[in-house]
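Per the numbering used here, the first sequence runs over residues 1 to 652.
In case anyone wonders, no lab produced these hints; they're calculated from the structure.
For clarity, every value in this text was computed on a predicted model and none was experimentally measured.
Yeah, the Cβ is synthetic: ideal placement off N, Cα and C, and Gly gets one too.
Check the hints yourself; a few may be wrong.
What the hints assert, rightly or not - Simulated restraints, written as ranges between beta carbons of each label pair:
no.: 1; residue 1: Lys78; residue 2: Glu492; range: 57 to 65 Å
no.: 2; residue 1: Ala185; residue 2: Ile35; range: 20 to 28 Å
no.: 3; residue 1: His59; residue 2: Glu470; range: 34 to 42 Å
no.: 4; residue 1: Glu197; residue 2: Tyr360; range: 41 to 49 Å
no.: 5; residue 1: Ala580; residue 2: Arg199; range: 34 to 42 Å
no.: 6; residue 1: Arg328; residue 2: Val193; range: 53 to 61 Å
no.: 7; residue 1: Ala319; residue 2: Leu578; range: 52 to 60 Å
no.: 8; residue 1: Glu492; residue 2: Glu572; range: 32 to 40 Å
no.: 9; residue 1: Ala319; residue 2: Lys292; range: 35 to 43 Å
Said to hold, decoys possible - In silico EDC-like pairs for lysine to aspartate or glutamate, Cα to Cα no more than 16 Å straight-line:
no.: 10; residue 1: Lys153; residue 2: Glu186
no.: 11; residue 1: Lys334; residue 2: Asp354
no.: 12; residue 1: Lys417; residue 2: Glu309
no.: 13; residue 1: Lys604; residue 2: Asp587
no.: 14; residue 1: Lys58; residue 2: Asp38
no.: 15; residue 1: Lys122; residue 2: Glu91
no.: 16; residue 1: Lys585; residue 2: Glu613
no.: 17; residue 1: Lys94; residue 2: Asp118
no.: 18; residue 1: Lys153; residue 2: Glu107
no.: 19; residue 1: Lys310; residue 2: Glu322
no.: 20; residue 1: Lys289; residue 2: Glu322
no.: 21; residue 1: Lys417; residue 2: Glu402
no.: 22; residue 1: Lys94; residue 2: Asp56
no.: 23; residue 1: Lys205; residue 2: Glu646
no.: 24; residue 1: Lys94; residue 2: Glu84
no.: 25; residue 1: Lys260; residue 2: Glu283
no.: 26; residue 1: Lys627; residue 2: Glu555
no.: 27; residue 1: Lys153; residue 2: Glu70
no.: 28; residue 1: Lys592; residue 2: Glu564
no.: 29; residue 1: Lys310; residue 2: Asp285
no.: 30; residue 1: Lys310; residue 2: Asp333
no.: 31; residue 1: Lys211; residue 2: Asp630
no.: 32; residue 1: Lys604; residue 2: Glu564
no.: 33; residue 1: Lys417; residue 2: Glu555
no.: 34; residue 1: Lys628; residue 2: Glu613
no.: 35; residue 1: Lys122; residue 2: Glu84
no.: 36; residue 1: Lys334; residue 2: Glu381
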Amino acid sequence: MSTERKTLEERAQMSDIDRLRHSCAHVMATAILRIWPDAQFAYGPPVENGFYYDFDMKHRLTPEDFPKIEAEMKKIAKENQKFEWKGVTREEAKAMAESGRLGGLSERPGNPSRFKLDLIDKIPEGEQISCFQNGDFIDLCAGPHVGYTSKCKNVRLTSVSASFYMGDESKGQLQRLYGTAFPTAEELDQYFVQLEEARKRDHRKLGRELKLFHIDEDVGQGLILWTPNGAIIRQELQNFISEELRKQGYSQVFTPHIGKLQLYKTSGHFPYYRESQFAPVIENDDLAKVIKEGCSCCETYDRLYAVSEKLRSGINERAGREVIPADRVLPDDKLLDGFLLKPMNCPHHIKIFDSQPRSYRDLPVRLAEFGTVYRWEQSGELNGLTRVRGFTQDDAHLFCTEEQVAAEVLGCLSLVKIVLNTLGMTDYRVRVGLRDPDSSKFTGDAAKWDVAEAACREAAKTLGVPFTEEPGEAAFYGPKIDFVVKDVIGREWQLGTVQVDYVLPVRFDLSYIGPDNKPHRPVMIHRAPFGSMERFCGVLIEHFAGHFPAWLAPEQIRILTVSEKSEAFASELHAQLLAAGLRAKLDNGAEKIGAKIRNAQLDKTPYMLVIGEKEATTGSVAIRHSKKGDLGVKPAADFIASVLEEVRERRM
RNA sequence: GCCGGGUUAGCUCAGUGGUAGAGCAACUGAUUUGUAAUCAGUAGGUCGUCGGUUCAAAUCCGACACUCGGCUCCA
């Protein structure tokens, strides 16, 4: 839910479809109240593919209730109630809410409209407060609405879930009922047909059908096993990005999957993000020691969580404020260290940067790694390849001077653009995450933030695609530019990201020697054009609907024999393709050619070579492409040359 | 983590208290085939797990695991 309050002007510009759906939300509320009069409504906006209303009531909805509610909604549509606007004063609105009249069919003594009361308080002084009434239902609402409820007949309820009032967990749980509506019955039906079509492209479904990856309960939730087919796609993508990195002057590094807890205490990720990390690994000796001391689990945890006075004072001094409070300090002999599965790669890369003295002449230093990280995502959040607990980022950290930041950010963006363009992914949006000046989450020097935000904004402008600036969306250490795409059911996922960071160089006391022969603080840029290989591949599977271009396809070519008579030539051809470095399989089974084609087609193999007696005698191949169909007959050598070129150029 | 669905053969799914089913895939055999399914046969299951109710549970109840859609979170 957007926390941004829409102005009345913005609301007046609501699209026709949103207006219809917003009215449907009111009709739905009316229907619910007819069945469950105690319902208290909170917030019911139109959303991208429909609408919802959040409310609280004793009865807990299940999908079994949908037909009953839908029937009542259709009845209300038939009654053709007029939507009537009524301006009210703040006092009138409050009185109506107190009596339970707002979001109700009548006054409800003892059951005040508690969410509406709160919403009234949130309306700025001086803004016109208004209600909309249809039939007996009156709701606090700025509108706009359609004229009559008869417009709301092409409607269907889609799902029910829990939600939090104003998105705040502490404010109690509401029920959220989703529906969708269209001007005509045909459009409504069409929407569900399209949805069904889209679900066929779901990467979880295609992943199983095309044997791209496997998630096994015994290994663990959200932990991806890349099966051979999927591994090929990932490897090709990694090869592709590695080539681009070399062109842009990056250095490849490798680092292990774990690091000492102390490292993440310095970086600030532990304990700040400890809820979303796997629990630390304690060394056997330390474990034995705390057991011997009779140390409770809580004490053990406190001792892992604590820092030394030296670490605390060092970081606080460099930051110029109290980053680590005194109550986290324990005497050195009480401290326990352990290892953490790395939740990010930056500390390791920072240590590589810091492993030798750096001159300004060395900068920028660009360290790249396909680094695997582990995060304890909430179980309800896990989703196929797009939200997992272990994933590999195409990560890099750039260490540069303040003057170099703008140019380096531009370089990162051009890399992201090359990647997305090569794959034909043009349907993305760009989000420039800025700090929220009112929030304490964002640390560091305001002047530096301004410079970095300006650099990000200017860099985003060069992309030539629309971008939004979103205050409060920055990382705590600096502004960022994110690339966001949608999956088949319309959910947004962040892929590539470029982040400017002034904080970690301070925490790790990084420096380089400048032209003045004095130490200076470098600036860090974190960037990952794919984001994570897992999520990116998930999105890519859906983008191509499983029909990968030849350079990515796990199986590029399948040879299909018409009969056993051409088997010898087919085998020879197969060997030639493999020798040329192509991924080819030979189907010389007993089925008819029609069945072999069907199987290859279902496996989405881009090239099928039909080999019969004609081809065998002339050394040629009859080419069929999974998307373009029959491409005619060519000499085998010509075909091989053309596919090699297609693959080398990474053609779509 | 929270709310609500779901879990039956490798896959897609039928089966509402009384002997576990179909199609496809797999395997075997026959067929030697020209651009999206040749025919026949065989095999495959502690019905997610554990507990309860019952003479009897895939079916009813409970817990847990996993999964799906949201919510919250996302360095």
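Holds or violated: Lys94 with Asp118, Cα cutoff 16 Å? Answer holds: Lys94 to Asp118 is near 10 Å, not above 16 Å.
Hint check: Lys260 vs Glu283, CA-CA at most 16 Å. Holds or violated? Holds - the C-alpha atoms of Glu283 and Lys260 are around 11 Å apart, at most 16 Å.
Hey, Lys310 versus Asp333, does the alpha-carbon distance stay inside 16 Å? holds, 13 Å
Measure nothing beyond the straight line between the CA atoms of Lys310 and Asp285; if it is 16 Å or shorter, mark the hint as holding. violated, 24 Å
Below or equal to 16 Å on CA atoms is what counts here, so check Lys153 against Glu70. holds, 9 Å
Supplied distance hint 34 to 42 Å, evaluated on CB atoms of Ala580 and Arg199: holds, 38 Å
For the pair we were handed, Lys592 and Glu564, check the Cα-Cα distance against 16 Å. Holds, at roughly 11 Å.
Holds or violated: are the alpha carbons of Lys58 and Asp38 at most 16 Å from each other? holds, 8 Å
Range hint compliance [Cβ, Glu492 to Glu572, 32 to 40 Å]: Given range 32 to 40 Å: violated, Cβ gap about 50 Å.
Between Lys94 and Glu84, does the CA-CA distance stay at or below 16 Å? violated, 19 Å
Hint check: Lys153 vs Glu186, CA-CA at most 16 Å. Holds or violated? holds, 12 Å
For the pair supplied as a hint, Lys628 and Glu613, is the alpha-carbon distance within the 16 Å limit? violated, 24 Å
Checked against the numbered hints listed earlier, the structure breaks hints 1, 4, 8, 11, 12, 16, 18, 20, 21, 22, 23, 24, 29, 31, 32, 33, 34, 35 and 36; every other hint is satisfied.
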